[in-house]
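What follows is each chain in one-letter form.
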Amino acid sequence: MGLDRRAFLGLVAGGTVGIMFTPVPWKLIDDASIWTQNWPWIPKVPKGQIDYVTTTSKLCPAGEGLKIMRVAGNPVSAGGNPDHPLSRGGVSALARSEVYMLYSPARIKSPMKRNGKTFAPITWEQALIEMAEKLGAAKGSVASISGDATGTVNEVLTALVGKLGSAGTFMMPGEATSAAKALKLMGAQGQAGYDFENADTVLVLGADIFETWGTSTRNRKAFGATRPAGTKPASNYIYVGPTRNNTAAVCDQWIPASAADLGVVALGIAWHLLKAGATSTAPGFDTFKAVVNGGYGPEDVKRATGIGGDVLAGIAKTLMASKASLVVTGSPFGQGMGAAPVIAGMSLNMLLGRVNKPGGVFMLPELASVVPGALSRAAMLDGDLPAFLKGVESGKTPAPKALLVYDANPAYGLPEAATMAKALEKIPFKVSFSSFMDETAALCDLVLPNSLPLERYDDVVTPYGSGFCLYSLVRPIQKPIYDTKTSADVLLALARKLSIDLKFDNFQQVLKEKVASLSKASGGFVAKDVMPWQVAAGKPAPALVGGDLWKALEAGYAWTMVGQVAQTGMGFASEVVAKAVKAGKPAAGATLAPYAQLRTGTPATGIPCQDLTTVPDTELLGETTLVRLNSETAKTLGLKKGQMVKLSAAGVDCQAKVHIFESVMTGMVSAPLGFGHTAFDYFSQGKGANYLSLMAVAEEPGSGMSTWIASEVKIA
Amino acid sequence: MSGQKKEFPITWGMVIDIDKCTGCGACMASCQTENNVEPQREASNKLRATSWMTVYELTNDKAYPDHDIAYLPRPCQQCGNPPCVSVCPVIATEKNENGGIVSQVYPRCIGCRYCVAACPYHVRYFGWFDPVWPEGMEKTLSPLTSVRPRGVVEKCSFCHHRWTLAKDAARAAGKDPEDLDDGAYVTSCVQNCPSGALAFGDLKNPKHKVHELIKSPYAYRLLERLGTDTQVYYISRREWVRKLGDNYLKSE
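Protein sequences appear in the order of chains A and B. Quick note on my numbering: the first sequence kicks off at 353 and runs consecutively. Quick note on my numbering: the second sequence kicks off at -7 and runs consecutively.
Since the hints were derived computationally from the structure, they do not count as laboratory data. Predicted model, so just to flag it, every value in this text is computed and none were measured. Glycine included, C-beta positions come from ideal geometry on N, C-alpha and C. Please note that a few of the clues may not be correct.
Just a sample of chain B residues kept apart from chain A, beta carbon distances all over 12 Å, derived [claimed, not checked]:
(1) His59
(2) Asn88
(3) Gly91
(4) Pro112
(5) Phe118
(6) Leu214
(7) Glu216
(8) Arg217
(9) Gly237
(10) Ser243
Derived Cβ-Cβ restraints for the label pairs, each shown as a range [to be verified]:
(11) A:Gly400 / B:Ile83: 28 to 38 Å
(12) B:Gly103 / A:Pro434: 32 to 42 Å
(13) A:Pro894 / B:Ala165: 23 to 33 Å
(14) A:Pro434 / B:Ala55: 49 to 59 Å
Derived lysine-lysine pairs resembling DSSO-like cross-links, with alpha carbons at most 30 Å apart [said to hold, decoys possible]:
(15) A:Lys536 / A:Lys937
(16) B:Lys54 / A:Lys1066
(17) A:Lys903 / A:Lys837
(18) A:Lys641 / A:Lys669
(19) A:Lys903 / B:Lys131
(20) A:Lys880 / B:Lys199
(21) B:Lys131 / A:Lys399
(22) B:Lys38 / A:Lys1009
(23) A:Lys515 / A:Lys872
(24) B:Lys38 / A:Lys998
(25) A:Lys675 / A:Lys584
(26) A:Lys987 / B:Lys196
(27) A:Lys934 / A:Lys903
(28) B:Lys54 / A:Lys1009
Taking the hints into account, I'd like the entire structure generated from these sequences.
Spelled out as structure tokens, the structure:
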């Protein structure tokens, strides 16, 4: 049987019609379009029940309360907790990183022991035996460095080191160090707390209050609340400093002044206040007045700083005319300021009668210690780490036999970093409790990784700058991902192994005892319906009801207390002021004016990977960081936009690209900190230079404190 | 373009107070993780980096000491007359849903990038490579936003998934999902801004704060003279900042 033409055409026509009506080709096309987009190597998003839990940020020094979104019990993102007084819903770029930093490539995944130039994993038991043996042998010569400025873990650390025989217990230097030294020299008691919420005029001397100084997220919330969008602001912020930094960018006025001259500016304003009749009954007032009138008149200040008398007179007038003025002094990059400028700034608060007043400075009491033998925060802040390490490096100070480093990275985060690293090398046995493989951990003999804040119990106790006493709980919301432990638990276990009685078996017990002690403190309350600044302004403090404070803290609320230490002998410390407040010497090359930002992390965190995108290409371009100088400075130094230069000081060279930026004082080179890591992961390593290593440490006359506020650099 | 403009009963909009923005980058960091944008090791190369929300630095172009700066956070402007929509050959980007949010449908996108070229605000990003998260970090991906493969264009969606969640929450509470309370739906950047510089709401709803804010004499929009009719407003008391919002002649 043959296929004739008619049959063939019939078959083709029938087939075509059949194909038109069958779903097969359409289904195949649909499947093809789906399967060509079903790429198994693209990560799938997690599925499961969404819920929210609260905790407090420990990675961010601003101590914000966090609201963590979880999916099927796993944390996926961190936002601000609207019920927390240090957050009010806001969160810094660093605090936002708490969740994904759990999986940072820089994390240390198990305890490790140095083996030549590398590390080999060991068990926790082996680590404890090794540590007990070495520390037992080092008794009487054990030092510690803590980078945690707010945790009760410091009580455990200092008590243990004290019982082992301390060669020094140090905090990483910061704003709190300068402030504590200043208050000590003034004869004041307590920790300075700044009531931004109730202030109407804020004079900021150097401090980057909206970025790295103190409770910066809370500071910004307080600032924003007095500035409803599109209407006249209800507050007046004046910034004095070398650059129009993130704080100055939103202030009503920027007055350019070198960071080295901030004390002179403060005394220049004091001269106008005294002229207008400001007085004080505080000890040393007459000497202070004589010092100010003798060398800080308008002409003197203009000669020293370039700021006209009319400008300072205007500031003094504004401060006196306002109902609630506040003067805040700090370093534009969060460290290195001596005590004298802080004393000079605090003197303005005293002349204006703003100490222990709403909208002013409160001298906050320190919360009671619970670990026997622990050092107080004030005592810890009294240590001078750069001076100690420089002494060790030069041989003037005997090197301790052992060093415990907790949440700190002194090999990177101190001035003259090369000198500090050399000093660390002289210490025969070093233990790092870092969560990340940082520059200091890389130098240590044992690395015992701390669980990250989302994996452990911890706390935040009255961060420096907070206008009220505060206690906020950090709680684990997931099990440790790697073989890490809470360092405080490791220290307590070590104490037991060494037969040292620290009263507690684990850190959770310490925290529960701390919380129990808060329940007994009079005036404390859970900030919920009433916030502490409202109490400072006169609203009655709610009673601490219920008694189960721990539960309230676990629910994300903070315990707060508005109160102050009555000052019996707070004076002007004029002898320190007279010796130390001098104008900075004009630099032959240029003066380095560093700035720091939370988006590049802290020395202990490195750059959080997702935050790298937030760094503009005027700060980091490719692998090179940019330094900022104005066109006049560039012309004087013969530099052009985009030119590669070498910055030299303190025996160190740093590469940089020139960025012409007119909001930098003439003669200054503004440089970003937080770059130039040699450790951590590929998000931090090799990105730019560490300009902090160029800063030279000097001793402040009068206080003897180490300072590194404005160093001279050569640019070629 | 104005002839084609669609009106919606709800018009979600953002108001950004430039005078309060410190340029800290918290909004950018919030956006990255909320919307599953991968961490980028070459993030300083801005031609390659993806950042749905970007903070620009503005200056008044004067020399020291008269120099002034401001920071301008830039999400998708959600134009009333979106130039990206009219050029899309496959209807991967549309403006046809109540709320006025310009959509981006990834499975439809063919990666031609006409929309990238058409957008005058540079809010659109093309994925040249497959996204990669450091090992384990994919566990922190948000379940609310899909992960995009290479070869498609992506952009800010005003955290559209949060609107869905807010509507669900309203339904559960027995409220009208089409009449959300002020603050019931806000984007991630708005929620986390530490300075409170960003506000979000229904521009047409008198009960929402943004409804009043956009009437401020200091409020303006970017490149208004293009007729894009954006749903993002900026506020600054500084005239030089407002003037940078469009290409004005020296005589204007």
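For this session: Identify every previously stated hint that the structure contradicts and give their numbers, smallest first.
Result: Violated hints: 1, 14, 26, 27; rest satisfied.
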